[in-house]
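Undergrad: These are the residues of each chain, in order.
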Amino acid sequence: MTTPETPGDAYGLSRPTMADARDAMHRVHGHTGRSSWARLLAAAKLTGNETDEPSLLRLLETMTNLDPVSRLCAQALRIRLTSHTHLAAAQLATRSPA
Amino acid sequence: MNLATDNGMTGAALFDRLGEPGRMRQLAGYDLFHPGLRDALDRIAARSAQRLGAPVSMASVLLDSAQLVIGRHGVPDAGDDLQGIPAEWSLCAHTVLTGRPYLVADGDADPRHAGNPMLALTHLRSYAGVPLTDGSGHVLGAHCVLEAAPRHFTDADLAVLTEGAADIMRVLEGYRVD
Numbered sequence: 297m298t299t300p301e302t303p304g305d306a307y308g309l310s311r312p313t314m315a316d317a318r319d320a321m322h323r324v325h326g327h328t329g330r331s332s333w334a335r336l337l338a339a340a341k342l343t344g345n346e347t348d349e350p351s352l353l354r355l356l357e358t359m360t361n362l363d364p365v366s367r368l369c370a371q372a373l374r375i376r377l378t379s380h381t382h383l384a385a386a387q388l389a390t391r392s393p394a
Numbered sequence: 357m358n359l360a361t362d363n364g365m366t367g368a369a370l371f372d373r374l375g376e377p378g379r380m381r382q383l384a385g386y387d388l389f390h391p392g393l394r395d396a397l398d399r400i401a402a403r404s405a406q407r408l409g410a411p412v413s414m415a416s417v418l419l420d421s422a423q424l425v426i427g428r429h430g431v432p433d434a435g436d437d438l439q440g441i442p443a444e445w446s447l448c449a450h451t452v453l454t455g456r457p458y459l460v461a462d463g464d465a466d467p468r469h470a471g472n473p474m475l476a477l478t479h480l481r482s483y484a485g486v487p488l489t490d491g492s493g494h495v496l497g498a499h500c501v502l503e504a505a506p507r508h509f510t511d512a513d514l515a516v517l518t519e520g521a522a523d524i525m526r527v528l529e530g531y532r533v534d
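Top line first, the protein sequences correspond to chains A and B. Just add 296 to the spot in the first sequence (first one is 1) and you have the numbering used here. Just add 356 to the spot in the second sequence (first one is 1) and you have the numbering used here.
No lab work stands behind these hints: they were computed from the structure. Careful, some of the hints might be misleading.
[Said to hold, decoys possible] Listed below are several chain A residues computed to face chain B (Cβ distance under 8 Å; list not exhaustive): (1) Arg323; (2) His325; (3) Asn361; (4) Pro364; (5) Ala372; (6) Ile375.
[Unchecked claim] A few chain A residues facing chain B, derived, Cβ under 7 Å: (7) Leu309; (8) Arg311; (9) His322; (10) Val324; (11) Val365; (12) Leu368.
[As the list claims (entries may be wrong)] Over 10 Å on every C-beta distance to chain B, these chain A residues come out as not near it, computed from the model: (13) Gly326; (14) Leu337; (15) Thr343; (16) Gly344; (17) Glu357; (18) Thr358.
Every residue, glycine too, gets a C-beta built ideally from N, C-alpha and C.
Bound conformation, chain B alone (with noise of 0.2 Å):
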């Protein structure tokens, strides 16, 4: 597999930090591909864009090598062929890395990112994203806004962001299994 990443480490390190045994089994406690769970977090992701005035917004989980997005705005519906992105290139695994806030005000000039092929080919250049936690303090996943122009995300938007990641994992708690 590819063995660069824009976290600073190998490929093979960031895998075995998402895919923790014990996180894994965590979100698959979830029903996430039940169509009720997409169309929840989609209403919630239409909002955190509207409010925020960003053009697309998603709710996602980070698995052991890929980034699944579970909840999205403004994102063009691949259906069931594209759920997601390779997690090296996933702005959304530095959120869940850290456990905090994560912003990218312009991926372009940004040395972590210049070379971030999912920046790159869908013209998205700024990034905010807040984590979202269970009540066991696994970092899940994480409640994103993207924008195709630079901008410098203020701590009333992460208010607003960490609002969303809030009603997302109430949602989310109504659709475990275990």
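In isolation and in its complexed conformation, chain A is listed as follows (with noise of 0.2 Å):
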């Protein structure tokens, strides 16, 4: 397993954008993914297009409650974007002079 390391990454892993979550959306709802994604944005209060991370975190806490599939992938985006900040805080301890 190679993975090419980018800007960003730890270990290869990247943090969660906001991309990253509609795809997840698109791809547990099936056919219902865009209005899935659709409503999920409404109720959230945003456009899809942001960012920052305070925008992703706030998708994610009502992505938990939208419905228990989206509860699942939020957990799951959840857990990525905690094992980043993991390993990011990993990655710089190893690479700080003693």
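Grab the two chains, each in its own frame, and use the hints to assemble them into the complex.
TA: Shown next as structure tokens:
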């Protein structure tokens, strides 16, 4: 398993974005993915074009309360988010001079 | 998202398979976050670990892009902050995708997993997992043990895990919400 490291990655893991959330909602809801995504954005009062972390966190919070499948989707993105945070800290620690 | 996995497929292809809508609906039919469920599954994980002489055991479900640990033994409890790992690093994802027991005798020497950050960071090297399959045939997750040393798991070891997996599914059925 080799993963090209790009800026912002931690051990090859990229931090989840709004686009990742959109892709995930489309994936898990199948043919209702587009309408589910639109419903989520409306409930969160977001456009889907935001790039800041608070907007992503607001989206995940709204996703958690949208329906049971979306809740699991939000949980998966949270795991990826917290994994990235932990791994980025670990990577920084190993690269810091003693 | 990360596009390299040790499943031999791109991240997007892995997530599409795990996130199949019918499978996700089945998973959503359980109250996976109920504290009572976690306590019961922790006990089953502890029993499997004890019977197999392994330091770590887990009961997990595979969401579309991450492994969610719902029962654990020997894993540091990171509380609500960290409840799983990305799917592309999940050995249990292999168990779920094949629907069969999955074994890794020595992750360091296995080209499929030699670069897996989860193994490198936890210093765990061997793995045995069996699928958690519901009554409709969906493979929801896996029951596994992990070791810090290389280990060749036997059929008897897999029988213990399979028994644990059956107990886990019985407990899960008590937490259906639909």
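Undergrad: For each hint, tell me whether it holds in the structure or not.
TA: Going through the hints against the structure:
1. Arg323: holds (4 Å)
2. His325: holds (6 Å)
3. Asn361: violated (13 Å)
4. Pro364: Since the shortest Cβ distance to chain B is 4 Å, the answer is holds.
5. Ala372: At 4 Å from the nearest chain B Cβ, A/Ala372 passes the 8 Å test, so the hint holds.
6. Ile375: Status holds, d = 4 Å.
7. Leu309: A/Leu309 check passes; min Cβ-Cβ to chain B is 5 Å, inside 7 Å.
8. Arg311: violated (9 Å)
9. His322: violated (9 Å)
10. Val324: holds (5 Å)
11. Val365: holds (5 Å)
12. Leu368: Where the cut-off is 7 Å and the nearest Cβ of chain B is about 5 Å from A/Leu368, the hint holds.
13. Gly326: violated (4 Å)
14. Leu337: Fine: 19 Å to the nearest Cβ keeps A/Leu337 off the interface.
15. Thr343: Correct as stated: the minimum Cβ-Cβ distance to chain B is 21 Å, above 10 Å.
16. Gly344: holds (17 Å)
17. Glu357: holds (14 Å)
18. Thr358: Non-interface label stands for A/Thr358: nearest chain B Cβ at 17 Å, farther than 10 Å.
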